[in-house]
Amino acid sequence: MVTATAGRDEILVWLSEVADPEIPVLSITDLGIVRDVEVDDCVTVALAPTYSGCPATEVIEQSVIAALHDRGVAEVRIRRVLAPAWTTDWISAEGCAKLRDYGIAPPEKGGSKRELLYGQRRIPCPRCESTNTLAVSEFGSTACKASYKCNDCLEPFEYFKCI
Amino acid sequence: MNAEQALLAYVLRLGDNALILGQRMVEVVAAYPELEEELANANFALDYIGQARMFYSLAAELEGKGRTEDELAFLRAENEFRNVLLIEQPNGHFGDSIAKLVLFDAFYLLLLEALQNSTATRVGEIAARAEKEIRYHLRHNSQWLVRLGDGTDKSHGLVQESINSLWKYTGELFTADDVDQTFAGEFGGPDLAAIREQWTIKVKAILDEATLTMPEDGFMASGGKQGRHTEHFGFMIAEMQYLQRAHPGASW
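Respectively, the protein sequence lines represent chains B and Z. Everything in the first sequence is counted per my numbering, starting at 69 for the first residue and increasing by one. Everything in the second sequence is counted per my numbering, starting at 679 for the first residue and increasing by one.
Check each hint, because a few of them may be wrong.
Unchecked claim - From chain B, some residues computed to sit far from chain Z (all C-beta separations above 12 Å):
1) Arg76
2) Pro192
3) Ser198
To be verified - Heads up, incomplete: computed chain B residues facing chain Z, CB under 8 Å, no partners named:
4) Tyr119
5) Ser120
6) Cys122
7) Leu150
8) Ala151
9) Ala153
10) Thr155
11) Ser205
12) Glu206
13) Ala211
No lab work stands behind these hints: they were computed from the structure. None of these values were measured; they are calculated from a predicted model. All C-beta atoms in this analysis are idealised placements derived from N, C-alpha and C, irrespective of residue type, glycine included.
Turn these sequences into a full structure, and let the hints steer you where they fit.
As structure tokens, this is what we get:
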């Protein structure tokens, strides 16, 4: 077993290869849900849930355990961290770029959440960058995405909702 | 009642409210009038059930008797559930469901905000997570209430009737009993009188925009927080608990 030799940084690199099951273009480190890695007699990975009822939470935990097992880490523990609560601001800049390339408009960053949530902000189309877009449905294929369409290039797209 | 007992009872209530409302919404999954609302309802139900799991896990730990979140959900009797009466009411028509969610979520959101200032930090952490979800629910559901209230004569009439008939269950939300008072005193928990004032302003604003009339306070039903439920509740948990009652210990 390599537990003794695997350091925190090395483990973080391994975790950056674990994909989010619902948006596989994002890794769990891009998503910003890996809060900490502690290495002592076992490896403890601190993960923050995204939405309370997100069905991917358990799948992600199993994927983390499996990924570290594959690297030879025998003892893996998962610790769920609630504070500070995950918001879309935890998604890395690289993660936002990957989302855009994948055809999902990334969440708006910074500013007042309430303003973003209640304001009628125009979401730019991830394909042609036009801001002439229309919200079709607040809900898309998963809890975290809304459905939009672009009035210029006429393509439908998903928007990663800002929470 | 000492501080520890009040904390446990309070966390269980939060879990019961979230689970029972989530379960009610699950009953109409795959039966909503249009796809967007179908997804909204299922996603919102999932949020409540996720919140219930967090509250129950904490309650199980505080209780320290080795019970799990599942045992708290599936193996307690009707009178051990301490959710408010409002949320156990049947789904009714779409307007009934929306009215119920607006009345409850406007309260729940204020409660979740206040809980983050309490010294029960683990409750505050769950509240901080849940608040972000409930804020979204309230926005979505109040938009529907406005659309229905300010819609056709028929939708206006129906949803006004929904508000009128649910109103008698709103008083209980703000009636502080022993658990609420001890939790407020020992942990800086929510001040229900202050929440009532804020709730009244918020709900009045939504109803005004929806061209609906805010009912006068009259008879208020209560008892849910003490385990005395309306007649609908037993049927509901009988269905929810059926599998664990019929096949004890069954798991996926």
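Status of each hint after checking the structure:
Distance check for B:Arg76 against chain Z: the nearest CB is about 24 Å away, which clears 12 Å, and the non-interface claim stands. Even its closest Cβ contact with chain Z, about 21 Å, leaves B:Pro192 beyond 12 Å, as expected for a residue assigned away from the interface. Listed as outside the interface, B:Ser198 is consistent with that label: its C-beta sits roughly 23 Å from the nearest C-beta of chain Z, beyond the 12 Å cut-off. Interface restraint check: B:Tyr119 against chain Z, minimum CB-CB distance 6 Å, threshold 8 Å, status holds.
Annotation: interface hint on B:Ser120 holds; nearest CB of chain Z at approximately 3 Å, less than 8 Å. Because the closest C-beta pair between B:Cys122 and chain Z is about 7 Å apart, less than 8 Å, the hint holds. Taking 8 Å as the C-beta cut-off, the interface hint given for B:Leu150 holds, the closest approach to chain Z being about 4 Å. Taking 8 Å as the C-beta contact cut-off toward chain Z, the hint placing B:Ala151 at the interface holds, the least distance being around 4 Å.
For B:Ala153, the interface hint holds, the least distance from its beta-carbon to any beta-carbon of chain Z being 5 Å, beneath 8 Å. A cut of 8 Å between beta carbons decides the hint on B:Thr155: the least distance to chain Z is about 7 Å, and the hint holds. Interface hint status for B:Ser205: upheld, as the beta-carbon distance to the closest one in chain Z is roughly 4 Å, under 8 Å. For B:Glu206, the shortest C-beta to C-beta distance to chain Z is roughly 6 Å, which falls under 8 Å, so the interface hint holds.
With a least beta-carbon distance of about 4 Å to chain Z, the hint placing B:Ala211 at the interface is held under the 8 Å criterion.
Hint compliance for this structure: every hint is met.
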